[in-house]
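Please work from the sequences and hints to get the whole structure.
Keeping their order, the protein sequence lines are chains G and F.
Just add 711 to the spot in the first sequence (first one is 1) and you have our numbering.
Just add 711 to the spot in the second sequence (first one is 1) and you have our numbering.
Rather than coming from a laboratory, the hints here were simulated on the basis of the structure.
Among these hints, one or two may not hold up.
Note: identical chains are not told apart, hence a pair may lie in one copy or across any two.
Listed next, the in silico BS3-like pairs over lysine-lysine satisfying Cα-Cα at most 27 Å (straight line) [to be verified]:
no., residue 1, residue 2
1, Lys-772, Lys-1276
2, Lys-1265, Lys-1060
3, Lys-1053, Lys-1198
4, Lys-910, Lys-1341
5, Lys-1053, Lys-1272
There are 2 protein chains.
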Amino acid sequence: MDIKISILSIGVSLIAFILAAYYYRWVKKLPGGNEKMESVGELIKNGANIFIKTEYLVLAKFVGVAFVLILVFLPHPIWKGEYLENIQMSLAYVAGSALSGLAGIIGISIATIANRKSAVAAQKGLAPAFNAGFRGGSVMGLAVVGTSLLGATLIFMITGSHDTLLGFSFGASSLALFAKAGGGIYTKTADISADLVGKVELGIPEDDPRNPAVIADNVGDNVGDVAGMGADLFDSNVAAIAASVVIGIALNQIETVFCFVALGLLASILGIMSVRVGKKGSPGKALNRGTYATTVIFALLTFAASLLFDINLRIWGSAVIGLVVGVIIGFTSEFFTSDEKKIVHNVAKASTSGPALTIISGFSYGLMSVFPSLIGIGVAALASYKICEPLGGNYPLFGISMAAIGMLSIVGIVVANDAYGPIVDNSRGLAEMAGMGEDVIKISDELDAAGNTAKAITKGFAIGAAGLTVISLLAAFQGIVKNITGKIVPFDIMNPLVFFGLLVGLAIPAVFSAMLMLGVDRNAQRMVGEIHRQFDEIPGLKEGKEGIVPEYDKCINIATKGAIKELIPAGLIAIIITLVVGFVGGINAIAGYLTGNIMSGLLLALLMSNAGGMWDNAKKLIESGEFGGKGSEAHKAGVVGDTVGDPFKDTAGPSLNTLITVVSLVASLAAILFINYSIF
Amino acid sequence: MDIKISILSIGVSLIAFILAAYYYRWVKKLPGGNEKMESVGELIKNGANIFIKTEYLVLAKFVGVAFVLILVFLPHPIWKGEYLENIQMSLAYVAGSALSGLAGIIGISIATIANRKSAVAAQKGLAPAFNAGFRGGSVMGLAVVGTSLLGATLIFMITGSHDTLLGFSFGASSLALFAKAGGGIYTKTADISADLVGKVELGIPEDDPRNPAVIADNVGDNVGDVAGMGADLFDSNVAAIAASVVIGIALNQIETVFCFVALGLLASILGIMSVRVGKKGSPGKALNRGTYATTVIFALLTFAASLLFDINLRIWGSAVIGLVVGVIIGFTSEFFTSDEKKIVHNVAKASTSGPALTIISGFSYGLMSVFPSLIGIGVAALASYKICEPLGGNYPLFGISMAAIGMLSIVGIVVANDAYGPIVDNSRGLAEMAGMGEDVIKISDELDAAGNTAKAITKGFAIGAAGLTVISLLAAFQGIVKNITGKIVPFDIMNPLVFFGLLVGLAIPAVFSAMLMLGVDRNAQRMVGEIHRQFDEIPGLKEGKEGIVPEYDKCINIATKGAIKELIPAGLIAIIITLVVGFVGGINAIAGYLTGNIMSGLLLALLMSNAGGMWDNAKKLIESGEFGGKGSEAHKAGVVGDTVGDPFKDTAGPSLNTLITVVSLVASLAAILFINYSIF
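Here is the structure:
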């Protein structure tokens, strides 16, 4: 790889780390709160640590097994005599999973500090509280993108092999799959149980310290939303790089890929630094301004770089198309999920006729919401292909992969915005539990609402980027098969094996989501039982008698154990069925299978994320006083919608893009085995 | 066409009509009930007639417009000078829609008689009531299949053109699409509103005559379930015949197609005649025995015919594979939706923790339930392809279309079983409203439960058959394009136009379902308002004062008007977007679009039908006394699940197979226009 680009990539990564370290120390130095606040903060921190330790111990075993399997089988069975590549790939796999895990741990570590600091800062006003939350989130954003870029650059510099890079990507995404499944089950188990008993049955407020599940709920925000989401975007970023490199290597365009990714990180750094909220400013607008700024900076920087490094402007155009479409998809999600827009208003209105109509209307609008996003992804793919078509050869497909890179270019600020959400959500909980007064809670609420909207936008982004990335991975898969067999795999559904694979692939995201949600369901039923037990058996707890504290740790244990128990089967099933389809039906079946997976993965991910966001905000709209306000029948119906939406939007929905990435990578890595050893 | 086969087809159709006429008179001659029963029965009959008249008037206008468009544009623009084919096709289109409408009207006509007769017969015991219901349903089954076979045979005998047959099929399926959309919206508007106010708010029983929506609800069973379903299976049967003929014509296998369809109808006739329930017999088992008998008779008859008419046994094998897989898919649906199995038990158990968990668990199991059915369709396609592969040429694809024919062979008894359901459901309502006592209601309940299970099985069947039929239609589309251009359309998703079409196609079934369900939602909100008004303004209604009758007709009008208003946009959108995609992206985009449509259509249809069935039966399980029984919190949660499931399983879910058939037919018919006039 060109030395200038290597220096650029490594240099920008290092700048990201320095800024992250600076923010980390800045947040840590902010004044601490009163004793109660600190003690509750420590409870959350310890709860998060327990989960992290337990989960990563299980994941380490999984990584160990996968390491041995890759060493023995990939890219060639080791008894064929060529084991250098196997060693490289298995080590790259371990590096990918370790770095992905590290990014998650850094995120939790800062999030469990920033939450308290933000709550304390809220006593001084909105702006200081916002800064504490956003800078906390930025540590995560910078760490995720910096690590993924640095890792990918070093792996490629050392080995020069795109296969090894795929192995690195597979490490990152398989870990992300388990981390998201586990974290997603944990967080929603706690959230749903706390709400069901607290809000619905007893009518006590959110984050009331009497509720035995309240600490587990706050821990969940950190292990699910922060760590899981960090691992997810780490994985998307690496997968987009790997796919572009696989396609770009024959075109001599490796430098272009790394250059654009590095400049995207640089743009994110500048964008993050530009985010400010005035004393009376709106936090939502501040976050959006940061996103816009990053977008413009990226477009300008890459334009300059294209002139400087003699990159064809058509390639630059593809990246910009991806970026623009990403922003449009994000704002479409906002249209469907913002409580200032008509859709959420309609869902809230339907709630006045009971929970059934809340569900029917939210689900229906969720189905509708897939339309603009799917069109957006289609337009991005078509336009980036067409714009690069005059360059000939594989350039059109490279154009699609560069559109994915463009869409993901601003991932640094996306993660920062996204991690900001759970941090301020947590600080609201801390303020409530430490009894910090109405003013602080009001500020936290405002910060939280901004976080929710930012989250809806970034989710649309993440799914769109995953859509484009997996098309690139399909192209990569086709390229790999062509290298081995000299033939182009037909993605032709009139071939019955392809059609068979298509139907099986279609079912996988459905089954996977179902397993995760049923995991939440089972686990929540257990935890509801435990909360009931505590309210029944601990005298004075319900009444809030001075000095009576619930047994928070029992709920934490239920959430942790349940999540660990459910994450492995859900994650494994995707990998195992992919291997079964490949070894039975061969590459024709796999081609259909990948297509089916992508199709139903995108459809379900968009449906679930958007429907979940709608229900959440419809409930908030009712709570703000519309349609009867808090305590009305409409509110009860809204709470049911919100509870259904929780595992939709925070467990199943966002795990699906990781799922389709993992499945695509398994197919690419094992393609050679399928070709040589399949039954059909 | 061979004269022997023509005689067979026409002869068997005529036998079906004779038997239908005999059953019709038999049912009509059964003793009538008391005055109250007759007056309520008349209310339902008149309500159904109002809807039928209003709806078919609107549909007639639509058919008129389509007639002119087809005459002018299809298969060739008329100014090109060849208008004989255009005249044929446009007339065939009108014939298809007229016969489809006729089948629906016959069904409603008998259903609104058989419901009263069955209720009256229930006074004498289970067996007479069952016979009245089942023979009523059989009239519908025999009429639907007889008309479709006779129509298709005559059209093909007269014109000898498979294009014209496609036009006939398009007429049948476009009418079915509107009929199902309209009927589905009507029936669930009334059902949901009656339940929301009656059961949930006021706690009065189902079918209580005080409820202003109760007549509309009973009318709904007839116009939605009977007429809509009849139109649907009419359409599936014709589409399977048309697709097989298009593929089979070059193979000289037209006779095989008509022979198998005719023998399927003959098997259904014998199967229907064999259905008996003893004095203490179980109605569910009687229905299933009839299905099995038909299956075996069909396999034997076609085996004999294959030897007699020298049809290759591989083709026979394909049909039998389709049949067997159809039965397996049907029983998989039963596993997921029967209240005697574990899944429904789990959903009912989750209901003890509130409605949110009812929804989450039912939705999750619904997602899981797609897996075995999709595998089943995949296996049927793969096996029927492979078994005919040694015959060479287009025989493998013909094998797939014959698997669809095999799966649909027993459609006669399937429709009979399916129409039996709403008839006995209605007779339960009549018994309740006419105050016929607990014994009669208990018998009606037992008959109703058997109807629900039969419905779940036949729904699995219908979706599976649609899946295989549309693959045949894809092959037909490919064949048509090849005839025109000499090239094979690549269903290759690495082609960006195909991929673009795929993503758009993926969204259509989602948007279509959403429009139907939102139609129900909006309409139900209106009707709930009207019911509230009546209870508020009519003195003595709530208390059930003697002589006070609600204004049933106001609710009937709301349901009718709302359904008409919503059915046209939902139906049109599918046709218009297909044309837009075709004229913009050309046949490449259409190839992807069809694939995407089929994929998401099958996924959503299976999900919604099965989840809806689960919720329905989970509620019934709770009502039978489990998990707290009637009036418990679990029951309230179960009612919410059931209400959500209503539009899933009776409005959106079953309309989707019609949707994908319509879209496939539009693409095939307009292929030549897309080739000549598209932008890309």
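Here is what the structure says about each hint:
1. Taking CA atoms no more than 27 Å apart as the test, Lys-772 paired with Lys-1276 passes inside one copy only; the shortest distance there is 14 Å, against 59 Å between copies.
2. Taking the shortest Cα distances, Lys-1265 and Lys-1060 sit within 27 Å of each other only across copies (23 Å), while inside one copy they are farther apart (39 Å).
3. Taking the shortest alpha-carbon separations for Lys-1053 and Lys-1198, neither the intra-copy value of 51 Å nor the inter-copy value of 48 Å comes in at or below 27 Å.
4. In this assembly of identical chains, the alpha carbons of Lys-910 and Lys-1341 lie at most 27 Å apart whether taken from the same copy (11 Å) or from different copies (25 Å).
5. For a Cα distance limit of 27 Å, the shortest separation of Lys-1053 from Lys-1272 across copies, 25 Å, qualifies, whereas the shortest one inside one copy, 41 Å, does not.
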